[in-house]
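Colleague: Spelled out, the chains give:
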Amino acid sequence: MRNHILRIFFALMAPTLVWAAPNPRLALPEFSALAQKATESVTITLDAALLAMAGRFLNGNDPQDAATKEILKGLQGIYVRSYTFDKDAAYQQSDIDAVRNQLSAPGWNRLVETRSRKSQANVDIYIMVANNQATGLALIASEPRQFTIVNIVGAIDLDKLHKLEGQFGVPKLDIDAPKAPTPSIKK
Amino acid sequence: MSEDLESQLRAALTPVAPRDEFTQRLIARVTADKGTEPSARGIRRRSPRATAWWLSASMAASLLIAVGVQHYRQERREAERGLEARREVIEALRMTSQKLNLAYEVIKNQSSLPAEDKPGV
Numbered sequence: 008m009r010n011h012i013l014r015i016f017f018a019l020m021a022p023t024l025v026w027a028a029p030n031p032r033l034a035l036p037e038f039s040a041l042a043q044k045a046t047e048s049v050t051i052t053l054d055a056a057l058l059a060m061a062g063r064f065l066n067g068n069d070p071q072d073a074a075t076k077e078i079l080k081g082l083q084g085i086y087v088r089s090y091t092f093d094k095d096a097a098y099q100q101s102d103i104d105a106v107r108n109q110l111s112a113p114g115w116n117r118l119v120e121t122r123s124r125k126s127q128a129n130v131d132i133y134i135m136v137a138n139n140q141a142t143g144l145a146l147i148a149s150e151p152r153q154f155t156i157v158n159i160v161g162a163i164d165l166d167k168l169h170k171l172e173g174q175f176g177v178p179k180l181d182i183d184a185p186k187a188p189t190p191s192i193k194k
Numbered sequence: 082m083s084e085d086l087e088s089q090l091r092a093a094l095t096p097v098a099p100r101d102e103f104t105q106r107l108i109a110r111v112t113a114d115k116g117t118e119p120s121a122r123g124i125r126r127r128s129p130r131a132t133a134w135w136l137s138a139s140m141a142a143s144l145l146i147a148v149g150v151q152h153y154r155q156e157r158r159e160a161e162r163g164l165e166a167r168r169e170v171i172e173a174l175r176m177t178s179q180k181l182n183l184a185y186e187v188i189k190n191q192s193s194l195p196a197e198d199k200p201g202v
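So the sequences go chain by chain: V and Z. First residue of the first sequence? That's 8 in my numbering, and the numbers climb one at a time after it. First residue of the second sequence? That's 82 in my numbering, and the numbers climb one at a time after it.
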């Protein structure tokens with residue numbers, strides 16, 4: 008009887024426990040008003056099924072496709088919203104706040120926060136970690152005429168993602184670790 | 082003389098009803114001719130069994146062709162969706178990498194500035 012009651016208790020608690028677990032997937036708004044003002048908008052919604060389908064059409068012999076295939080391993084979703092405008096200050100920071108507020112929920116850790124007065128570009132990178140493994144990535148980049156939100160769900164490897172520079176037309180920044188000093192040869 | 086000729090002609094041209102056997106012979110002849118007469122299109126009639134076989138075969142062939150076309154269309158649609166998904170994945174990762182590089186560039190630029198010019202990060 009006691010075991011039966013315990014089983015019922017845990018069965019009722021299970022949904023609550025699932026609900027309480029941090030969710031790496033963000034609720035991205037439609038931004039329909041901004042989309043109408045934007046000169047260019049990109050909306051990408053790829054769930055696990057679509058990622059698997061895309062993976063089947065990636066050619067392992069092509070370096071770009073092979074790098075992409077490597078990154079896709081362990082991913083459950085990629086969601087992108089990006090809007091480009093033809094004039095400065097066409098969007099408000101409050102438009103992005105609905106997304107930013109979700110990143111203050113438990114589980115999300117801010118990895119990088121950059122503010123550039125020169126280029127007026129702000130980039131925030133958040134990561135969700137569970138069991139010493141990244142389970143989600145959120146990136147918010149706001150520039151005077153463009154803002155981009157990227158949400159990647161799954162085991163994301165930032166190192167592999169960074170190594171994509173040079174692929175996909177992204178220029179290499181040549182950001183290398185400091186070189187060890189060369190030993191002098193005594194004669 | 083003319084009266085004799087006239088009466089002879091009248092007697093010869095008097096209509097005479099045909100005998101019963103004539104009618105029957107005529108009907109029998111017409112029926113026989115109809116049996117051997119070729120049809121207007123020149124096609125020989127098939128037996129019911131051959132017709133049923135041809136009908137089944139053509140229906141089966143039509144069904145196979147329809148299934149084949151449907152299968153081909155479905156595969157083509159899946160291929161299009163897969164290629165579109167591939168394009169979107171590449172675009173999404175390209176944009177992500179671009180923004181990561183933007184962050185790295187800002188950090189790199191700030192690390193190369195003199196200490197008094199560095200804004201807080």
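Honestly, I wouldn't trust all of these hints.
To give an idea of the interface, some chain Z residues facing chain V are shown, with a C-beta separation under 7 Å as derived from the structure [unchecked claim]: (1) L136; (2) G163; (3) E169; (4) T177; (5) L183.
It should be emphasised that the hints constitute simulated quantities derived from the structure, not laboratory data. Computed from a prediction, not measured in an experiment: that's the story for all the values here. C-beta atoms are modelled at their ideal positions from N, C-alpha and C, and glycine is treated no differently.
Colleague: Are L183 (chain Z) and chain V close enough, Cβ to Cβ, to be under 7 Å, as the hint says?
Modeller: holds (6 Å)
Colleague: A closest beta-carbon separation below 7 Å is what the hint needs, so does T177 (chain Z) meet it against chain V?
Modeller: holds (5 Å)
Colleague: Have a go at the L136 (chain Z) hint: is there a Cβ in chain V nearer than 7 Å to its own Cβ?
Modeller: Violated. Min distance 42 Å.
Colleague: If you take the shortest Cβ to Cβ gap from G163 (chain Z) to chain V, is it below 7 Å?
Modeller: Nearest chain V Cβ about 4 Å off; hint holds.
Colleague: With 7 Å as the cut and Cβ atoms as the points, is E169 (chain Z) at the interface with chain V?
Modeller: Because about 5 Å separates E169 (chain Z) from the closest Cβ in chain V, which is inside the 7 Å limit, the hint holds.
This entry does not satisfy hint 1, going by the numbered hints stated previously; all others are met.
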